[in-house]
Amino acid sequence: MNTVKTEGLTKIYGSGNTAVTALDSINIHAAEGEFVAVMGPSGCGKSTLLHLLGGLDHPTRGKVLINGQDIAEMTDDALTELRRREMGFVFQFFNLLPVLSAVENAALPIMLDGVKPDEAKVKATEWLTRFGLADRLANRPDQLSGGQQQRVAVARALVSEPKLVLADEPTGNLDTRSGDEIAALLRDVSQKYGRTVVMVSHDPRIAAYADRIIFLKDGKVIDETLLEQKNGKNAEMVAERMTKLAN
Amino acid sequence: MNLNLMLASRYLGGRKLRTFLTTLAIVFGVVILFGMNIILPSMMQAMEANMKAAAGVVDFSISSVSGDAFDPAVMSRLEGIEEISAVAPSFTRIFNLGADFLDNDPDSPDRITAIQLVGMDPDAVQTLRAFPISSGRFLQSGDTNAAVISQSLADAQLLTVGDTLTLPSVNGLTDLTLVGILPPRTLPGNEEVYTTLSAAQEMSGQPGRITSIDVNVALDAADQEGRDAVAAEIQSQLGSSYTIGALSSGTDVFAVLQMSQAILSMFGVMALFMGGFIIHNTFRTVLMERQHDIGMLRAVGASRRTILGLFIAEGLIQGVLGTIVGLALGYLLGVGILKAAEGPISAFVNIRLDNPVVSPGIVLLSIVMGIGVTVVAGILPAVRASRITPLEALRPTSAQADFERERGRGFWVGALLVLASIIMLFVGQEAMIAAGGFVFLIGLVFLAPAIVRPVTDMFSVLLGRLYAREGTGEVARGNMLRQPARVATTASASMIGLAVIVAVGAVLTSMTGTMTDVLRQNLGSDYLMVPPSIGLWANNVGASAGLAEELSAIDGVGPVATTRFAGSASDGVAISLLGIDPAIYPQVSGMAFQEGDESAYEVLAAGRAMIVNGAFLMATGAELGDTLELATPDGVQSYRIVAVAADMFNAKVTTAFISQANMAADFGRAEDVLIQLNLEEGAEAETVDTEIRAIMHDYPQFNTIAGRAYVEQMLGYLNAVFSALYFLLAFLAVPSLIAMLNTLTISVIERTREIGMLRAVGATRRQVRRMVTAEALLLAGIGTGMGLLSGLYLGYSWVVAMDAFFPMSYSFPIAGLIAGLATGLIFGALAGLIPARQAAKMDVVAALRYE
Ligand SMILES: Nc1ncnc2c1ncn2[C@@H]1O[C@H](COP(=O)(O)OP(=O)(O)O)[C@@H](O)[C@H]1O
Ligand SMILES: [Mg+2]
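Chains Z and B are the protein sequences, given in the same order.
Here our numbering is used: the first residue of the first sequence is 1, the next is one more, and so on.
Here our numbering is used: the first residue of the second sequence is 248, the next is one more, and so on.
Hints may contain errors.
To be verified - On the chain Z side, residues computed to face chain B include the following (Cβ under 10 angstroms):
#1 Asp77
#2 Gly88
#3 Asn95
#4 Leu112
#5 Asp113
#6 Gly114
#7 Glu119
#8 Arg130
#9 Ala134
#10 Arg136
#11 Ala138
#12 Ala157
Claimed, not checked - Label pairs and their computed distance ranges (CB to CB):
#13 Z/Asn67 with B/Arg552: 49 to 59 angstroms
#14 B/Ile669 with Z/Ser145: 58 to 68 angstroms
#15 B/Met705 with Z/Glu161: 57 to 67 angstroms
#16 Z/Tyr193 with B/Arg552: 47 to 57 angstroms
#17 B/Leu611 with Z/Tyr193: 53 to 63 angstroms
#18 Z/Gln143 with B/Phe1059: 33 to 43 angstroms
#19 Z/Ala72 with B/Met705: 47 to 57 angstroms
#20 B/Phe267 with Z/Asp135: 55 to 65 angstroms
#21 B/Arg552 with Z/Ala72: 49 to 59 angstroms
#22 Z/Met1 with B/Phe267: 49 to 59 angstroms
#23 B/Pro701 with Z/Gln143: 41 to 51 angstroms
It should be emphasised that the hints constitute simulated quantities derived from the structure, not laboratory data.
Heads up, the beta-carbon is just placed ideally off N, CA and C, and yes, glycines get one too.
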């Protein structure tokens, strides 16, 4: 079954002369355990798409189905709960709470869900340990490198064992090496832990870590490609395709 | 620990400096509110006692029906009556003196033929009456045969402190030592000699007895029902052999009391307003930067309730902490202020200022305000934050758009309010004008974000000059313009603080200014010949025109102005008519014109015209320009009102001034009851003085006073009364200024990260320091500008509103404005100092990581 699916998803900002159609009748899906990348030039509507998938914003037309359920029919509280239990977010700017330690930041979603802080921290510690941050648990965000902060954000996205992880330019703020590490980590999230991952990026090298790439231009899906993770030439291939599509 | 509490305490702990400053704001809010309101009763009591003392009255005076002395044990029956705030026994007895008892000169009849001996318990009496000693000291409980008398009695007897006053008594002549002098007696009745209770009892041969019990109650002057109830209660406790004399409403003293209570209540309300605003404002500042965190929390699954809970928890922690500290500090400050005020005040007014009165009501109110306002101040923005979608909070662009919308709406609301307040000003109705002041202030708060840009532009011209070669002024200006909301919030804090200071200052200066003017103009002549009872002219024996001519004839005496009196009535309202010579009067004396001007004097000379005072208008319902029929011994005559003016002697008496010619023609009166004269320039002061006094010796019904000295003494007395108000003003001002400093500091701290960025791109420490200072100055400048503007309006509106109780004209508070401007900018610079140093010292890497 598809973890996430859209039907004629459209988003128009503003009205009249100044109206911007950020998304135009998008029909996409991501299957359980699949790693999907959404690619396209800046301003093509990638972030808008991700926000709609996460129920952070309301579509102008069309539907978003999570586990087959139309999220437009849910109340704000129900949607909040859905985000807490079924989704994890990773943003470009790490969006950790500056006053909490790494482990507390990672434990936040399940603490919000009512899990006792001690228990929550045990779970968060497990994830942070898996991501190589065992010796950084008590550090505050400003004491961590960008790559480390983003790993905490990924741990936070996974701590509630969600089915879906949404990542908006998770490597946009990182150097090449840290970027690769995070992309590989997200790949693990789908391969090893079986989550559905939808990642937005404009970087072909990063998108190349996905199972499938959806190309977006001016709010429309213009192409789609499946990737074989066996051969190492994916990045060049994706880049070539991008340039071709751009013209 | 609950998650909300954990997050709250983390936020508080993670931002120690800011938490400290925010809590400090709450502390100041509570300090102002609590401190001010606990010292108000003491101040009120002092002021009331003072006013009453000036008029020689207390709320209730109990004596026996037969007029005999009685046993002081009766006082214990009053103990159960809650409303009674002070009780003092006294023994009063009139001693008739022989015609030449005092001056030992059988040829000249004594002016003083009887004195009233008043024996008092010095400690008890000072809890309900004030004795404005002008030299020496007041009676003390250990004194034996000590006395305090008025300046007029002392002058008549040529006595000073330390001299002996000999009075008859049942034990033969008794010598009393003068320990203090009170101001001259200006009220009708016998001169009083104050002594201790035991001395008075001894001299009258009635040891252990008293003749009356004076009682003051802790009730509003306006609360007539409550007063009646207390009188009834006292009567039922004492039985029918005692009678209760009560201070009746409608008297002058009541009017003055009501006015002072109105002023003090105004201080209380201001304290409430300021306290609440300081707390709310600080919270708004702090919350503005939390938008982003809220968005993130919402995105990872925090519900609206969680967000609300977080802010309530945070508000509660700070509110409780701040309130506790605020209550403690407020109390200490209250005690301190009263202690500090006691010195200057008691130099003139011998009144005990007790420790602050802490009523459960005010403690409760302070707690509710401190915690309540903090929580509400936290909730309001949090509710708004929890309403917006997480997306909006995450996207700075849309948050900005949201703000623009808000600003647009705020602008119109503000513009409407300001417009309304200006209309209210022109309606001319006092209540409207007073309310208009507040409407104006609130309107400015709304308008603030919209006027940030123009005002910033204006100030940046100035800053550009100051920082011409560094380019940092530009950066500071840019910072302002990028975040008008934050700037507006910070600036409003300064604005409100300064507005209140300038406004209250304006009221006080106008009040003292008006009184000083009237005093100077009215009594500022070189010599005043006053009758024993000023204001109640009918009781006085005057002099024929011959006296004025005689005085005029002295070499060195300039113009001599006389005032004559005739009783009249218009439509059943009794009127005190005063006849002046329109040509001479303005040269020697004068009045404060409220409507019309000095040219009215000429009109008086020309026909049947009169200058009336405010009390006249109120009593008759007439207006400027109306013609009224005045009763004369031979029917009625029509007089037209040509001006409205106040003079010192008749402020509260229904009075009209007409020309002496008209008074002679219509009322047949030509007796001078008051004489004022000036000396010619270069006159031999001493010789003239001797000659004047020689002539006046034959007119003992007049008290000859060197006018200017008298005015200075009265002014000193007046200042003492107002010093209490200035202390209250200081109480409002100091915490508000510190709060302003606080807000400015917070707003600069928030920009730590940007400052780090500036350092990273090559700004020197010096440039950063200068930039932060420039920004603080800009912020303070905007706030100061708006504060002074609204302070002027607010002050004006209050003066106009208060004019109804008390004739006063608005004096433009130039000194207040300059002081306000200086204070605003100095505090701006101070506010920049700490963060500027911190910013300059800041480790670039740490700053960049600061969130
Ligand atoms: N809140 C908004 N209001 C108006 N237009 C917006 C808003 N958010 C995004 N847009 C517009 O929608 C388009 C898609 O934006 P976005 O989804 O952020 O693009 P991407 O993430 O691919 O760079 C852009 O043209 C952008 O300007
Ligand atoms: Mg984007």
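How the hints compare with the structure:
With 10 angstroms as the threshold, the beta carbon of aspartate 77 of chain Z comes within range of chain B, its nearest partner Cβ sitting at about 6 angstroms, so the hint holds. Taken as an interface hint, glycine 88 of chain Z checks out: its beta carbon lies about 8 angstroms from the nearest beta carbon of chain B, inside 10 angstroms. At its closest, the beta carbon of asparagine 95 of chain Z sits 4 angstroms from a beta carbon of chain B; the interface hint therefore holds under the 10 angstroms criterion. A cut of 10 angstroms between beta carbons decides the hint on leucine 112 of chain Z: the least distance to chain B is about 5 angstroms, and the hint holds.
Because the smallest distance between the Cβ of aspartate 113 of chain Z and any Cβ of chain B comes to about 7 angstroms, under 10 angstroms, the interface hint for this residue holds. Evaluation of the glycine 114 of chain Z hint against chain B yields a held restraint, the C-beta minimum of about 8 angstroms falling below 10 angstroms. Using the Cβ-Cβ criterion of 10 angstroms, the hint placing glutamate 119 of chain Z at the interface with chain B is not satisfied: the shortest such distance is roughly 12 angstroms. Hint status for arginine 130 of chain Z: violated, given a least beta-carbon distance of 19 angstroms to chain B, over 10 angstroms.
A hinted interface residue such as alanine 134 of chain Z counts as satisfied when its beta carbon comes closer than 10 angstroms to some beta carbon of chain B; here the least separation is about 22 angstroms, so the hint is violated. For arginine 136 of chain Z, the interface hint is violated, the least distance from its beta-carbon to any beta-carbon of chain B being 15 angstroms, above 10 angstroms. Interface hint at alanine 138 of chain Z: violated, since its Cβ lies 13 angstroms from the closest Cβ of chain B, which is beyond the 10 angstroms cut-off. About 8 angstroms separates the beta-carbon of alanine 157 of chain Z from the nearest beta-carbon of chain B, less than 10 angstroms, and the hint is met.
Distance hint for asparagine 67 of chain Z and arginine 552 of chain B: a CB-CB separation of about 25 angstroms, inconsistent with the stated range 49 to 59 angstroms. Taken as a hint, the range 58 to 68 angstroms holds for the pair isoleucine 669 of chain B and serine 145 of chain Z, whose Cβ atoms sit roughly 59 angstroms apart. The hint said 57 to 67 angstroms for the Cβ distance between methionine 705 of chain B and glutamate 161 of chain Z, and at roughly 59 angstroms that hint holds. The hint said 47 to 57 angstroms for the Cβ distance between tyrosine 193 of chain Z and arginine 552 of chain B, and at roughly 31 angstroms that hint is violated.
With their beta carbons about 57 angstroms apart, leucine 611 of chain B and tyrosine 193 of chain Z fall inside the hinted range of 53 to 63 angstroms. The beta-carbon spacing between glutamine 143 of chain Z and phenylalanine 1059 of chain B, approximately 58 angstroms, falls outside the hinted interval of 33 to 43 angstroms. Our hint of 47 to 57 angstroms for alanine 72 of chain Z and methionine 705 of chain B holds, since their Cβ atoms are close to 51 angstroms apart. Separated by about 33 angstroms at the C-beta atoms, phenylalanine 267 of chain B and aspartate 135 of chain Z break the suggested range of 55 to 65 angstroms.
A hinted range of 49 to 59 angstroms is violated for the C-beta pair arginine 552 of chain B and alanine 72 of chain Z, which are about 22 angstroms apart. For the hinted restraint 49 to 59 angstroms between methionine 1 of chain Z and phenylalanine 267 of chain B, the CB-CB distance of approximately 54 angstroms keeps it satisfied. For proline 701 of chain B and glutamine 143 of chain Z, the Cβ-Cβ distance of about 44 angstroms falls inside the hinted range of 41 to 51 angstroms, so the restraint holds.
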